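Enquirer: Sequence:
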Amino acid sequence: MSSLRYERPADPAAAVTVVHETPGAVFLAGGTNLVDHLKLGVATPDLLVDVSHLPLDTVEETADGGIRVGANVRNSDLAAHPFVRRNYPVLSRALLAGASPQLRNTATTGGNLLQRTRCSYFRDVSTPCNKREPGSGCSAIGGYTRYHAILGASEHCVATHPSDMAVALLALDAEVLVLGPDGERAIAVEDFYRLPGDTPERDTVLERDDLIVGVQIPAAQSSLSTYRKVRDRASYAFALVSVAAETTVADGTITGCRIAFGGVAHRPWRAHRAEEALLGQQPSDEVFAAAAEAELADASPLDGNAYKIPLLRRTVVATLRELDERRERGGSA
Numbered sequence: 001m002s003s004l005r006y007e008r009p010a011d012p013a014a015a016v017t018v019v020h021e022t023p024g025a026v027f028l029a030g031g032t033n034l035v036d037h038l039k040l041g042v043a044t045p046d047l048l049v050d051v052s053h054l055p056l057d058t059v060e061e062t063a064d065g066g067i068r069v070g071a072n073v074r075n076s077d078l079a080a081h082p083f084v085r086r087n088y089p090v091l092s093r094a095l096l097a098g099a100s101p102q103l104r105n106t107a108t109t110g111g112n113l114l115q116r117t118r119c120s121y122f123r124d125v126s127t128p129c130n131k132r133e134p135g136s137g138c139s140a141i142g143g144y145t146r147y148h149a150i151l152g153a154s155e156h157c158v159a160t161h162p163s164d165m166a167v168a169l170l171a172l173d174a175e176v177l178v179l180g181p182d183g184e185r186a187i188a189v190e191d192f193y194r195l196p197g198d199t200p201e202r203d204t205v206l207e208r209d210d211l212i213v214g215v216q217i218p219a220a221q222s223s224l225s226t227y228r229k230v231r232d233r234a235s236y237a238f239a240l241v242s243v244a245a246e247t248t249v250a251d252g253t254i255t256g257c258r259i260a261f262g263g264v265a266h267r268p269w270r271a272h273r274a275e276e277a278l279l280g281q282q283p284s285d286e287v288f289a290a291a292a293e294a295e296l297a298d299a300s301p302l303d304g305n306a307y308k309i310p311l312l313r314r315t316v317v318a319t320l321r322e323l324d325e326r327r328e329r330g331g332s333a
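Residues in the sequence shown are numbered from 1 upward in steps of one, following the UniProt record's numbering.
Hints in this document: simulated from the structure, not taken from any laboratory.
Keep in mind that a hint or two might mislead.
What the hints assert, rightly or not - Below, a list of computed lysine to aspartate or glutamate pairs in the EDC-like style, where the Cα atoms sit at most 20 Å apart: (1) LYS39 <-> GLU133; (2) LYS39 <-> ASP50; (3) LYS39 <-> ASP124.
Claimed, not checked - Per label pair, the in silico range of CB-to-CB distance: (4) LEU195 <-> TYR236: 20 to 30 Å; (5) HIS53 <-> SER100: 20 to 30 Å; (6) ARG329 <-> GLU286: 35 to 45 Å; (7) ALA219 <-> ASP36: 28 to 38 Å; (8) GLU293 <-> GLY142: 47 to 57 Å; (9) GLU61 <-> ARG202: 17 to 27 Å; (10) ARG146 <-> GLU286: 42 to 52 Å.
On a predicted model such as this, the values are computed, not experimentally measured, just so you know.
Each residue gets a CB set at the ideal place from its N, CA and C atoms; glycine is no exception.
Using the sequences provided together with the hints, build the complete structure.
Expert: In structure tokens, the structure reads:
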């Protein structure tokens, strides 16, 4: 690991100023992702600006029935928060599905959102990677692609986004609260992440000196929500596919639903076509499968990951069936 400098600003505005004025500076929070990249040589900053001590570690209920989560709230604390468990079970389950307990105790809300891909070529500095070194090529295309994207990829990058929490937040219509040199602004999670296009090195719409200060989640539309993650082993593995879903059923008809996928695209994927296919329908496995097919109509699998299409279809059906069975039991978990 190369030598670098370290600063610990007194407040969020000071942290933004330091990064704004210092080329090669990056923010450091829990460090569970950045420190790995420092060791691997993937990240080579000149200055670490430590924001982990800043007073951004509270969970506050908002007037509209939602919550505001500080960027430094640890993943374990957010998953266990009574309001989150009661109103956003999809978020609690997604957080508990991510990493190990030790990492969840360290990882922060803001840092979780900014995780970079676990593509093995991105993490191997001896191989070409457009995300790590723009214009060098994508080693995954024609390479090992079991974990790669089937939706929204480009000829420049087929990597997938690794966060479980971000998938749940997308399904909840959450906003990311960002402090930049010109003040604070809110960005919908759906607008926060980018598809690779011609610039796969940019994961989000953030500028280098933008600091995540929190996440705002509106009131839940339904208490019936869940997160299902399919992976190679039972713990500490990234999603092959995952589904976050929230549904509302009235008089036997689906009147509201929000669905997002993980493990299948460069960003958490909002399943708008599936949602439209479900509205007005009576819950059934056949309806659930048809909704999944509608979303997967434009899927473009690679040689090594075509299995993700039937796997995601079955996972959508199983997730929505679970919510329907919980509804029939009166909403119990």
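Enquirer: Next step is simple, just say for each hint if it's right about the structure.
Expert: Status of the hints after comparison with the structure:
Our distance criterion of 20 Å between C-alpha atoms is met by LYS39 and GLU133, whose separation comes to about 17 Å. Our distance criterion of 20 Å between C-alpha atoms is met by LYS39 and ASP50, whose separation comes to about 18 Å. Between LYS39 and ASP124 the alpha-carbon distance is near 11 Å, which keeps this suggested pair within the 20 Å criterion. The hinted window of 20 to 30 Å between LEU195 and TYR236 holds, with their beta carbons roughly 28 Å apart.
HIS53 and SER100 have their C-beta atoms about 24 Å apart, which keeps the hinted 20 to 30 Å range intact. Take ARG329 and GLU286: their Cβ atoms lie about 22 Å apart, and the range 35 to 45 Å is violated. Restraint check, ALA219 to ASP36: a C-beta distance of roughly 36 Å satisfies the suggested window 28 to 38 Å. One distance hint, 47 to 57 Å for the beta-carbon pair GLU293 and GLY142, is violated here, with the actual separation near 28 Å.
Our hint of 17 to 27 Å for GLU61 and ARG202 is violated, since their Cβ atoms are close to 34 Å apart. Between ARG146 and GLU286 the CB atoms are about 30 Å apart, so this pair departs from the stated range of 42 to 52 Å.
Violated hints, listed in ascending order, are 6, 8, 9, 10; each of the other numbered hints is respected by the structure.
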